[in-house]
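Undergrad: Here the structure of chain X is known, so what remains is to put chain S in place on it, guided by the hints.
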Amino acid sequence: MAQIPPSLQDLANRFNQAQAQLQSVLLRKQQYEAELREVEKALSEIEKLPQEARIYKSVGNFLVPQTRDAALQELKDRKELLELHVKTLTKQESMLREQIEKLKDEINRELAKLRGGSPEAAKGGG
Amino acid sequence: MSRQDVQRLLEEYQLIGELLSSLQAQHTTVAELLDELTTALDGVRLLKGGGDGRLVHIGAGLFVSGAFDTREVLTPIGAGYHAFVDLDNAERILRERIEEYSRLKTSLEENLQKLAERAEQIRQVLERLGARNV
Numbered sequence: 001m002a003q004i005p006p007s008l009q010d011l012a013n014r015f016n017q018a019q020a021q022l023q024s025v026l027l028r029k030q031q032y033e034a035e036l037r038e039v040e041k042a043l044s045e046i047e048k049l050p051q052e053a054r055i056y057k058s059v060g061n062f063l064v065p066q067t068r069d070a071a072l073q074e075l076k077d078r079k080e081l082l083e084l085h086v087k088t089l090t091k092q093e094s095m096l097r098e099q100i101e102k103l104k105d106e107i108n109r110e111l112a113k114l115r116g117g118s119p120e121a122a123k124g125g126g
Numbered sequence: 127m128s129r130q131d132v133q134r135l136l137e138e139y140q141l142i143g144e145l146l147s148s149l150q151a152q153h154t155t156v157a158e159l160l161d162e163l164t165t166a167l168d169g170v171r172l173l174k175g176g177g178d179g180r181l182v183h184i185g186a187g188l189f190v191s192g193a194f195d196t197r198e199v200l201t202p203i204g205a206g207y208h209a210f211v212d213l214d215n216a217e218r219i220l221r222e223r224i225e226e227y228s229r230l231k232t233s234l235e236e237n238l239q240k241l242a243e244r245a246e247q248i249r250q251v252l253e254r255l256g257a258r259n260v
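If you read the sequences in order, they're chains X and S.
Those letters in the first sequence? Residues 1 to 126, by my numbering.
Those letters in the second sequence? Residues 127 to 260, by my numbering.
Please note that the accuracy of each hint is not assured.
Once the Cα atoms are required to be at most 27 Å apart in a straight line, the calculated DSSO-like pairs of lysine-lysine come out as [to be verified]:
(1) X:K76 - X:K91
(2) X:K41 - S:K174
(3) X:K79 - X:K41
(4) X:K29 - X:K113
(5) X:K102 - X:K113
(6) X:K57 - X:K29
(7) X:K29 - X:K79
(8) X:K29 - S:K231
(9) X:K57 - S:K174
(10) X:K29 - S:K174
(11) X:K91 - X:K113
(12) X:K41 - X:K76
(13) X:K48 - X:K79
(14) X:K113 - X:K41
(15) X:K41 - S:K231
(16) X:K91 - X:K104
(17) X:K48 - S:K174
(18) X:K91 - X:K79
Which stretches of chain X does chain S cover? Using the computed rule of at least three CB atoms under 8 Å from a CB of chain S, they are [what the hints assert, rightly or not]:
(19) 35-41
(20) 44-50
(21) 70-79
Hints are computed from structural coordinates only; laboratory data are not their basis.
Note that this is a predicted model, so its numbers are computed, not measured.
C-beta: ideal position from N, C-alpha, C; glycine also.
Pulled out of the complex, with its shape left as it was, chain S reads as follows:
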């Protein structure tokens, strides 16, 4: 392997490192969004269930009892718009978002896996060549 080949591998290794960082940051954001959407979906399902004796968290572990007479929730519908929709539709919209972000999360995980494998291959080649300061 020529010196130029080693240089190219080093550059690719660095580029993959940068890509991995960027994808990992995106993955974290998507995972946080999914958590938030799942919490919202649980909330909508609770509202649909009705019933008394609900307690609402107001921070730092404090709860107040809350009664909900609402059958509609203000829901983000995309492109910066919100609309009051009934609980069934709010649930559907949230479920669709969750599916969409889950697909994105899976795709990011697949890409992360591929890049990590390629980085590992390059690292092994470089190590074999004695370029240990990777």
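Isolated chain X, as found in the complex:
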């Protein structure tokens, strides 16, 4: 089998790297989204409770009493932070997807050049 040209190898490496980055971003986004859902659920439950409700926050092995207002404030702050993380990661995700698409096109063009055909032929589409 013929050697892969360095330019194609470089593109393939960049493609793999971008794919790995995308996986990592998606995983982190998924984790933040799950945490966000949990925070929203807690917020909605606390909002249903009366002002004098007995609420506790879990700190290690302890349950520490907290007022309804303090719990609401803390959860709202956490929600805001998590939404920001999700937004940032969504931006990163779309940038990486774009980058991957571009790299895919470049790889196809390089492959077509190697085969002496059109990029469409390299895609295996006809």
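TA: Frame of chain X, contents of chain S only:
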């Protein structure tokens, strides 16, 4: 099929094996959580029912008689918070959690099934090719 194709199939087979182990571990955890939630839901329903002559398990098959005058239970409400809620709301929260984990369990089972099928397909191909040490 080229040597490279066989190599790729072997790698995919190994990767699927790892994924299957990980999903099976998650499935076990979710199933245990569901058991625990169902037990808690039964407990809340018993408390709602009232009545005398209740016995409480204190371990190793020992029971003591217990009387409950509580109409509220300290319930996890998510994100590390607990709150005293009445029995109806505790039941609702538990039911919602059970539904959520049941959906997750079903989704894990579907993924396990798909991966197991793919692993089986690859195993058959590799076996046909004579790569028996899979």
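Undergrad: Compare the structure with each hint and give your call.
TA: Here's how the hints hold up against the structure:
For a cut-off of 27 Å, the pair hint linking K76 (chain X) to K91 (chain X) stands: about 23 Å separates their Cα positions. Of the pairs offered as hints, the one joining K41 (chain X) and K174 (chain S) holds, with about 24 Å between alpha carbons and a cut-off of 27 Å not exceeded. The suggested pairing of K79 (chain X) with K41 (chain X) holds, with an alpha-carbon distance near 11 Å, which does not exceed 27 Å. As the CA atoms of K29 (chain X) and K113 (chain X) are separated by approximately 38 Å, the hinted pair breaks the 27 Å bound.
Proposed proximity of K102 (chain X) and K113 (chain X) is supported: the alpha carbons are some 17 Å apart, at most 27 Å. Using a Cα cut-off of 27 Å, the hinted pair K57 (chain X) and K29 (chain X) holds, with the two alpha carbons roughly 25 Å apart. For the suggested pair K29 (chain X) and K79 (chain X), the alpha carbons sit about 14 Å apart, so the restraint of at most 27 Å is met. In summary, the hint linking K29 (chain X) to K231 (chain S) is supported, as the alpha carbons are separated by about 21 Å, within the 27 Å threshold.
Only pairs whose Cα atoms come within 27 Å are accepted, and K57 (chain X) paired with K174 (chain S) is accepted, the gap being roughly 26 Å. A hinted pair counts as satisfied when its Cα atoms are at most 27 Å apart, and K29 (chain X) with K174 (chain S) does not qualify at roughly 40 Å. Of the supplied pair hints, the one linking K91 (chain X) and K113 (chain X) is violated, its CA atoms being roughly 33 Å apart against a limit of 27 Å. For the proposed pair K41 (chain X) and K76 (chain X), the alpha carbon gap of about 11 Å is at most 27 Å, so the pair holds.
The hinted pair formed by K48 (chain X) and K79 (chain X) meets the criterion: a straight-line CA distance of about 18 Å does not exceed 27 Å. Only pairs whose Cα atoms come within 27 Å are accepted, and K113 (chain X) paired with K41 (chain X) is rejected, the gap being roughly 55 Å. Of the supplied pair hints, the one linking K41 (chain X) and K231 (chain S) holds, its CA atoms being roughly 20 Å apart against a limit of 27 Å. Distance hint between K91 (chain X) and K104 (chain X) is fulfilled; the C-alpha atoms sit about 20 Å from each other, no more than 27 Å.
A hinted pair counts as satisfied when its Cα atoms are at most 27 Å apart, and K48 (chain X) with K174 (chain S) qualifies at roughly 21 Å. The hinted pair formed by K91 (chain X) and K79 (chain X) meets the criterion: a straight-line CA distance of about 18 Å does not exceed 27 Å. Counting residues of the segment 35-41 of chain X whose C-beta lies closer than 8 Å to any C-beta of chain S gives 4; at least three are required, and the coverage claim holds. Note: the segment 44-50 of chain X has 4 residues with beta-carbon separation from chain S under 8 Å; the three-residue rule is met and the coverage holds.
Residues of the segment 70-79 of chain X lying with their CB closer than 8 Å to a CB of chain S number 3, which satisfies the three-residue condition for coverage.
Checked against the numbered hints given earlier, this structure breaks hints 4, 10, 11 and 14; the rest are met.
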